[in-house]
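Protein chains in written order, with our numbering: chain D, 1142 to 1405; chain Z, 1142 to 1405; chain H, 1142 to 1405.
Don't take each hint at face value.
If several chains are the same, the list does not tell them apart, and a pair holds so long as it fits within one copy or across any two.
With a cut-off of at most 30 Å between alpha-carbon atoms, the simulated DSS-like pairs for lysine-lysine come out as follows [what the hints assert, rightly or not]:
(1) LYS1221 / LYS1305
(2) LYS1331 / LYS1258
(3) LYS1221 / LYS1290
(4) LYS1161 / LYS1221
(5) LYS1221 / LYS1309
(6) LYS1381 / LYS1154
(7) LYS1290 / LYS1232
(8) LYS1154 / LYS1309
(9) LYS1290 / LYS1154
Simulated from the structure, these hints should not be mistaken for lab results.
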Amino acid sequence: MLELRLVQGSLLKKVMEALKDLVTDANFDCSATGFSLQAMDSSHVALVSLLLRSEGFEHYRCDRNLSMGMNLNNMSKMLKCAGNDDIITLKADDGSDTVTFMFESPTQDKIADFEMKLMDIDSEHLGIPEAEYHAIVRMPSSEFARICKDLSSIGDTVVISVTKEGVKFSTRGDIGTANVVCRQNTTVDKPEEATIIEMKEPVSLTFALRYMNSFTKATPLSSTVTISLSSELPVVVEYKIAEMGYIRFYLAPKIEEDEEDNKA
Amino acid sequence: MLELRLVQGSLLKKVMEALKDLVTDANFDCSATGFSLQAMDSSHVALVSLLLRSEGFEHYRCDRNLSMGMNLNNMSKMLKCAGNDDIITLKADDGSDTVTFMFESPTQDKIADFEMKLMDIDSEHLGIPEAEYHAIVRMPSSEFARICKDLSSIGDTVVISVTKEGVKFSTRGDIGTANVVCRQNTTVDKPEEATIIEMKEPVSLTFALRYMNSFTKATPLSSTVTISLSSELPVVVEYKIAEMGYIRFYLAPKIEEDEEDNKA
Amino acid sequence: MLELRLVQGSLLKKVMEALKDLVTDANFDCSATGFSLQAMDSSHVALVSLLLRSEGFEHYRCDRNLSMGMNLNNMSKMLKCAGNDDIITLKADDGSDTVTFMFESPTQDKIADFEMKLMDIDSEHLGIPEAEYHAIVRMPSSEFARICKDLSSIGDTVVISVTKEGVKFSTRGDIGTANVVCRQNTTVDKPEEATIIEMKEPVSLTFALRYMNSFTKATPLSSTVTISLSSELPVVVEYKIAEMGYIRFYLAPKIEEDEEDNKA
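Chain D on its own, in the form it takes in the complex (with noise of 0.2 Å):
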């Protein structure tokens, strides 16, 4: 049996907004640590991982490992019926092939259970192992969103270039260029808006701005995100969710030559 009592569950509903672009239907896997999810997007190119803890849950049972198949987009639409201040609970008994959301009011005034059928889905675990990145960029998610989304309007691709003094996000399009430059700077008021670089060396990479935006979908779950950049390795696009674990977006670079195609 499954029960997973989460009293802070609009962070359910803003993890599956982060999610239900990106991922069609996809396996969430139970166990005695925690909730999480692996799941390549639709196309195949971006890979996404989530970590819910089981310590971040008011109550927390799972007699044993249980992976459910779930169409992201009907589990949307049910946790769109919970309010944002409700606690959310999720139940399955062994065997079942339903699961049931519940949501509570805070008052108890208002108790809803949404019950769905879940999915046979094939998917292959990967192993994603532990890398050193030459260079690690911690930002405002809003400052990352935001640029994302400017860029997009210019261009197809974004450059990231990291060194020691800021990390540069570049496009170019039909219509010209763009350059934007975020200086480090540590000296601000709110951690939260501290721009903090980590460089072994310095990195330049392209990668495709339609998925930066589909992962820039997370920014309600923290107030940073951070990047992080190796020349041979996928880029790691990470929003920490708090107390609880994270939502981590995998994503290759582009390589030189796609890009010279892209120009030409």
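Take the given structure of chain D and dock chains Z and H to it, following the hints.
Coordinates of chains Z and H only, in the frame set by chain D:
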């Protein structure tokens, strides 16, 4: 001659928003006692009844009974031109085929008059007998609107079931099922947040959510809604209009056979 | 070389929003005295004239007169990437076929530069003679915008009539007629809420509402609008740009014959 002056002109704007999606053309009936309307929706399934009593107007002059046929979409276009704080005066000369809406800004610096052609509309006034209802639910109107909207993302019909403990709204659709229970609750800080159930016997009736969602367009008119249910009668969904009257929507329940068809 | 630094960058964003629906491509003319534009709308009916005087810029360097042809839609895309509090600098090298917009965030932590290709645009500069107007109306710009929007839900043209008492806006359409009168009113708490009429002789002129509605896109630039009317001249709808200049729209009145045709 007809001249009705309504200081709280925004009421009339809200009434129009509540009506215009449901009813295309209708006769507004003016008499010494008030300004009223009774109309079927365009598919002849739901009935709406509006009353604005003469005492609610700052000035109310109606020399003889008058029935004015109006296109509600056009009337809505004109009322949208009134500011929310404007005083609205409705004027018609005897025998005229037009009606004039006058909007005065609170400072009297801006005065607008909109003249609209009247229409001949055949309509028969249905007598709605006073009835005894098995159960009457009074609840916050925004809560009711939210539930109808939420459930319509899952299914097409809602089963409303009343017991002494509370009222349950249920639906089912391709993606699953949903139940929302609102408990009787009279010990709230603000009276308009109470959910109060008067019940003679339990009822459980099925309705098309499409109509319920149309009715909830009246939500801005009142902080509470009253739902009166009996197994042999159309449901009445009533929104009181402060000190002046009401807007009531009537909808026949779907019979069991229908419901079974839908489930099959 | 050209370098214009505008601390209140949001002004330029608002100017672009005011222009881009009316004008597709236009030459921006830079001289020692200021940054200006004159252009016909794409259907060659309305004329727009913009002036931003050099004194309004924090830094203004223009070594020689320069005319820069820009696509306003593309320029708007780039300016939308500037934050509302950003300082905007416009730069062009002599003989270059590009212009650069630089956006600096107030904290200087984020610096963006957008480079746009210039275009060759044929245009003749029309001399607009200073004229004496029969009537000049100054009124709140939001009021004027609201009236134009409201009337266009009823009809296609507006008759603007000025008397000593006030200004009347009238229209007629299939569903009826509308008149909005704004009274002269100089005794208001805030000067920008006044409606002031300077009149030499009464005027009554007819204009296409479509253009009036385009002009009101400039509303965010100024809390007041000035409408100058003479029976033989195009109307001038002017929005002052704080301390810097103005944006003026010119539109020829519809002649009586036209009006009669429309009514027929």
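Checked hints:
1. LYS1221 / LYS1305: between (43 Å within a copy, 29 Å between copies)
2. LYS1331 / LYS1258: neither (44 Å within a copy, 39 Å between copies)
3. LYS1221 / LYS1290: both (25 Å within a copy, 10 Å between copies)
4. LYS1161 / LYS1221: both (12 Å within a copy, 28 Å between copies)
5. LYS1221 / LYS1309: between (37 Å within a copy, 19 Å between copies)
6. LYS1381 / LYS1154: within (15 Å within a copy, 35 Å between copies)
7. LYS1290 / LYS1232: between (37 Å within a copy, 24 Å between copies)
8. LYS1154 / LYS1309: Answer is between; shortest inter-copy Cα gap is 24 Å, intra-copy 32 Å.
9. LYS1290 / LYS1154: both (22 Å within a copy, 17 Å between copies)
This entry does not satisfy hint 2, going by the numbered hints stated previously; all others are met.
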